[in-house]
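S.K.: Residue-level listing of the chains:
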Amino acid sequence: MPHLRPWGLKKIPAIRKSTPPALRRIASATAPWRPAAALDEWVQKEARPISLRQLTFFGRTLTETRLLSSANYVRTELPTRLAHRLRDMQTLPFVVVTNPHMSHVYELYYKAFERLRRVREIKSVEDNEKYCKVISETLQEHLTVIPRLAMGVLECQGLMRPQEMDRFMNTLLRSRISRRVIAEQHLALTETFNAPWHFPNAKAPPDPNAEFVGEVFLRCNAREVVDDCWTRAKRLAEEAYGPGCALPNIKVEGHLDATFPYILTHLQYVIGELLRNSIQAVVERRSNPAESPPPIEVLVCEAPQHVIIRISDQGGGIDTSIMPELWSFSKGSRIQAHLRNLSQVPKMAATMQELKLPNPSSEALKDLEMANKRPSDGSLSSLTSRPPNLRLGMGLPMSRVYAEYWAGSLEIHNLEGYGVDAFFQISKLGNKNEQLSTRASMDAV
Amino acid sequence: MASRPAILDSRILRVICPLQRRSRHLVNVADQSTVQRPWSHPPASVNIDNDQVARLASRPLHPLTLADLVRHGRPPLTAETLFSSANFTLSLIPVRLAHRIQALRNLPFIVVSNPHISRIYNYYVHSLSTLLPYQERSITNLEDEINFTEVMADLVQTHSNTIPILARGFLECRKYITPADVTAFLDEHLRARIGTRLIAEQHIALHLSSQPHSGKDSRYQPDGCSSCIGVIDTALRPAEIIRHCESFVSEICELKYGVRPTVVINGQQDTTLAHVPTHLEYIITELLKNAFRATIESGKEREPIEITIAASPDPSPSPLEDIQIDPPTPKSESTNTSNSILPESCIPGVTIRIRDRGGGISPETLPNIWAYSFTTFGEDEVMDVSDNGNVDALNAISGAGGDSSSLAGLGYGLPLGRAYAEHFGGGIQVQSLWGWGTDVYLKLRGLGRVRAPSKMASVKEASSTDS
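Residue numbers (the numbering used here), protein chains in the order written: chain A, 861 to 1305; chain B, 56 to 522.
Calculated from the structure, these hints are not laboratory results. Using N, Cα and C, we set each Cβ at its ideal position, and we do this for glycine too. Do not rely on the hints blindly, as some may be mistaken.
Taking CB as the label site, the calculated pair distances span [what the hints assert, rightly or not]: (1) Trp1187/A with His117/B: 27 to 37 Å; (2) Glu358/B with Ser1147/A: 26 to 36 Å; (3) Glu989/A with Ser417/B: 47 to 57 Å.
Below, in silico cross-link-like pairs of lysine to aspartate or glutamate (DMTMM-like), each with a Cα-Cα straight-line distance of 25 Å or less [to be verified]: (4) Lys355/B with Glu924/A; (5) Lys1094/A with Glu1144/A; (6) Lys1111/A with Glu356/B; (7) Lys983/A with Glu967/A; (8) Lys971/A with Glu997/A; (9) Lys990/A with Glu924/A; (10) Lys311/B with Glu358/B; (11) Lys355/B with Glu1113/A; (12) Lys355/B with Glu1157/A; (13) Lys1094/A with Glu1151/A; (14) Lys905/A with Glu967/A; (15) Lys1111/A with Glu361/B; (16) Lys1111/A with Glu191/B.
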């Protein structure tokens, strides 16, 4: 046996190219051997999807019993879901998991799994407090996962078929969202329970409009979110391109009063990525930086089942040669540039609390960041607030994962030589005909 | 529209294909069309060996590209290149017809027994029988070439206006075949039909404008435009076609509704590409009909329909300058055929976005927009269509494809438009904003798919006409 394959690793596919330099460096740095029995046991368990209603109504009638049952749900659910992802990683080719970034993520996951699976049943509010601390720490530790994964995927290009790599990434990211949502939900629940204004057995607010407003879901107003994302994106662009560069204006039209429950940071991330893509395309297309560029047009369209946000720019469109890999994490072109840029993001993520931008004038931005920051979602803020010229090559695929997770969609229509239309469809989750099945099946990963 | 390319129509056919010759074959089928016949086993007017069909159908279909159609260079063709075109056509058409015959034969017996479907079947058998004498030999003299062109003209004529017949046939058969099967058959059939007609029309057009034949008949001026190669315009301006179709659809709208929505064209209006004008006219007309109808019916006729033309930047011209002349006419200055292979992504392409404020497509309708809607008609709708009683004016517009004189109300527009667009590697995407409007993206690829390096040449005509 040339390799340790205690976990039934598949054979390394023949498509493997010569080992990239980054891998040669670390060929010996493999993960410590662990007995597979504990993991096997957890992999046997099915994830129990949480229903959308549970998620949206969870703060309704909060009692200690409910809090503890929530805690125990999270207690078994997190290790179960982690176990499934660990097994996924174990079935990747050996050469992929020995990549330093991949094995970093693997180790993080394994440690979290080991820690979380050992938590005993939560029987009291005190137990819960301790447990919440464990969850928060884990969430914090895992902030580096996305950039690390992205770098790992890029470095492992050629070692796996791109489609398989993308499938793996999609599953992993979806699962990550689901775990973070469950964990956050419980943290928020605990916070609510501990809040001085909380009275056990409090009645639900009578206002039907308020029914979906909770700690996890916020009532988002399309216009406000677009404006807010625009302000940030523009400020970042100003810093990146300097004052001499005329930036495009934004034109927002349509059903501007549309509101819907959503996780604000997810929304901000997706819209932010689209806007920064547009700004960047428009700015970089122009030959004369002082010349005023064509506006970015945003349309909000509200229908009974969904809200569509269409973002149209005249940034010249996407080169047809890039289109096939537009939604792929393992992009063929510009791989070195993406890797270089990605290597800056983990630092940003690590020091997320005091986000460092090259320019000191980012104070205002920091304030914005702080105002909107939700501690457990810091990984997204570090991505949302990176300078616009820091291209990572994963904005669109990541955004699509986030959009689809909440039963929405993200489409790009390319008018090559002219511009791009992006359609971000948001399901109105609070609608009476909510797509529980979709949500459940997504949540089960 | 001085530079509008000549569109093949029945006038031309009459010129080149004397009536007695054409009708000789067509007597049978003509009778069938007027007399209501009972359902029966299709009485083929001609018999073809099953072996012949099977032999031809077993040959693979050559994937047609626009480059194939312009590979013989610019007209006027010399006698020699004209023969080459004829032989190329001859190498493709019998196989294509045999494939169609086989697909029809594989339909359920009761479906082909339907008088309409059996008519179509007989047309194909007839057309193949006219080509069989040319098997196993090539065309090397003018007399053969003239005869062959007449056969092509007969083919084009026989199969024009057959889509409504097919539709009616399948409409009558809807109890005996599932909508999915009909859709699958039609998708393949209509796409194949587009290609077959185009090959035949292209040869006819090349024939008419060739050195040996042009000028003989002053009634027919082959080209108003210098950029045409047969039925292909190598410098087609989409903006021009859009304006042409717009005025056409607007007039009908004004007649029917008393209003005409405005159309604003922006983007790269001067862009040109190599394409088949009649195809583009058909597609644009269908898309405009939809946009106009939605705009008017939602009371938004004050909101202009915005059409944006985007052209991908030309691939860097340098590698294409080392043009290798393709065999057919090495001495002709007009040939720009080249053996350089363009990667697919670099093929010049045009995207046309048609954006209306007509309220969008409802979520219930959206999944079915690509279906031939008659396949799912209820009894009432069948009656409406059969009586032509409930056909709105926009539906009654016949498209420019020459196929649509009575497509009215059968719900063909969008799927057939997409078939035309996809034929050369383009496509149509629809993005509905329910409650607001619809964005339609029409992609056109100028020179189609590029095959693996072989003696088949890729041609870069579009850019050469600019210089």
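S.K.: What are the numbers of the hints that this structure violates, sorted from low to high?
M.R.: Numbers 4, 7 and 16, in rising order.
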